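Colleague: Numbered by the working numbering, the letters in the sequence shown go through residues 1 to 222 in order.
No lab work stands behind these hints: they were computed from the structure.
Errors might be hidden in some of the hints.
As the list claims (entries may be wrong) - FRET-style restraints, in silico, Cβ to Cβ:
no. : residue 1 : residue 2 : range
1   : P147      : L190      : 43 to 49 Å
2   : I180      : D88       : 25 to 31 Å
3   : L146      : F95       : 34 to 40 Å
4   : E149      : Q215      : 37 to 43 Å
5   : R144      : N192      : 55 to 61 Å
6   : S84       : Q215      : 36 to 42 Å
7   : D40       : E175      : 19 to 25 Å
8   : P122      : E149      : 20 to 26 Å
9   : K178      : L85       : 34 to 40 Å
10  : I7        : R75       : 29 to 35 Å
11  : R76       : Q215      : 32 to 38 Å
Unchecked claim - Computed list of lysine-lysine pairs in DSBU-like fashion (alpha-carbon distance at most 30 Å, straight line):
no. : residue 1 : residue 2
12  : K98       : K188
13  : K189      : K121
14  : K188      : K178
15  : K198      : K209
Computed from a prediction, not measured in an experiment: that's the story for all the values here.
Glycine residues also receive a C-beta, built at the ideal position from the N, C-alpha and C atoms.
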Amino acid sequence: MNLQTQISQQQSTVRSLEKLLGAKRCTQEELDQARRRLADLQEQVNFTPIIKPQVRPGLAQPVVRPVGEPVPTGRRIEGDEYNSLQADLSKEADFLNKKMAGLSNGLHLVPPSAPCPELVKPILELKAQIEAIWDKKRYLERNRCLPEEPTPGDDQAPALTPILTDATQFELVCEKRKLIDRRSKLRKKLENPKASEKKRFEWDMELVKTNLAIQDIDVKLG
Numbered sequence: 001m002n003l004q005t006q007i008s009q010q011q012s013t014v015r016s017l018e019k020l021l022g023a024k025r026c027t028q029e030e031l032d033q034a035r036r037r038l039a040d041l042q043e044q045v046n047f048t049p050i051i052k053p054q055v056r057p058g059l060a061q062p063v064v065r066p067v068g069e070p071v072p073t074g075r076r077i078e079g080d081e082y083n084s085l086q087a088d089l090s091k092e093a094d095f096l097n098k099k100m101a102g103l104s105n106g107l108h109l110v111p112p113s114a115p116c117p118e119l120v121k122p123i124l125e126l127k128a129q130i131e132a133i134w135d136k137k138r139y140l141e142r143n144r145c146l147p148e149e150p151t152p153g154d155d156q157a158p159a160l161t162p163i164l165t166d167a168t169q170f171e172l173v174c175e176k177r178k179l180i181d182r183r184s185k186l187r188k189k190l191e192n193p194k195a196s197e198k199k200r201f202e203w204d205m206e207l208v209k210t211n212l213a214i215q216d217i218d219v220k221l222g
């Protein structure tokens with residue numbers, strides 16, 4: 001994903017959060033964080049690399065780390081493995097950005113005074129996942145290793161990945177087919193120029209929820 005694409009997607013994220021803030025569905029801090037990320041990307045357009053001075057053999061070059069960040073202890077990652085890992089993280093962030101943008105497009109259909117947790121909650125969760133990926137990318141760039149994953153405490157049960165049985169997968173596939181059929185019918189209804197605004201609004205909201213349900217099933221099916 002090139003830099004201009006990242007900038008366009010981040011601009012879309014900022015616009016979505018501005019709508020959420022106007023509807024009091026996100027905090028100013030979250031919007032400011034997204035704007036800072038956009039500013040960082042825009043600065044890279046005119047970025048001129050600084051030529052590092054030659055370091056004499058035997059002298060370790062100091063690494064500047066954010067205040068409070070522990071000294072990394074993970075395995076050092078270099079060369080093709082480093083480039084491949086950075087590319088995979090960028091692809092993951094790109095996928096989540098597109099998913100968040102798709103959900104955000106449904107916000108303009110919701111009145112500011114109406115609660116809409118089925119849209120707002122997934123958007124904020126996706127935003128947090130995207131920020132976590134960028135934090136990992138920056139950490140990897142600084143330290144050439146991945147940050148340590150937090151281990152569950154004694155009072156916390158470790159997260160378990162649910163294993164889908166063949167029967168469960170079959171049920172999910174059947175449910176997805178029903179949702180796709182419903183989505184097709186809703187789109188045909190929306191093409192009717194004689195439909196009232198009230199009906200169109202109801203169909204639009206149902207279409208957004210249907211798309212969200214299909215995406216959830218896709219995630220479960222992997």
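Colleague: Hint by hint, which ones does this structure get wrong, listed from lowest number up?
Modeller: 3, 4, 6 and 7
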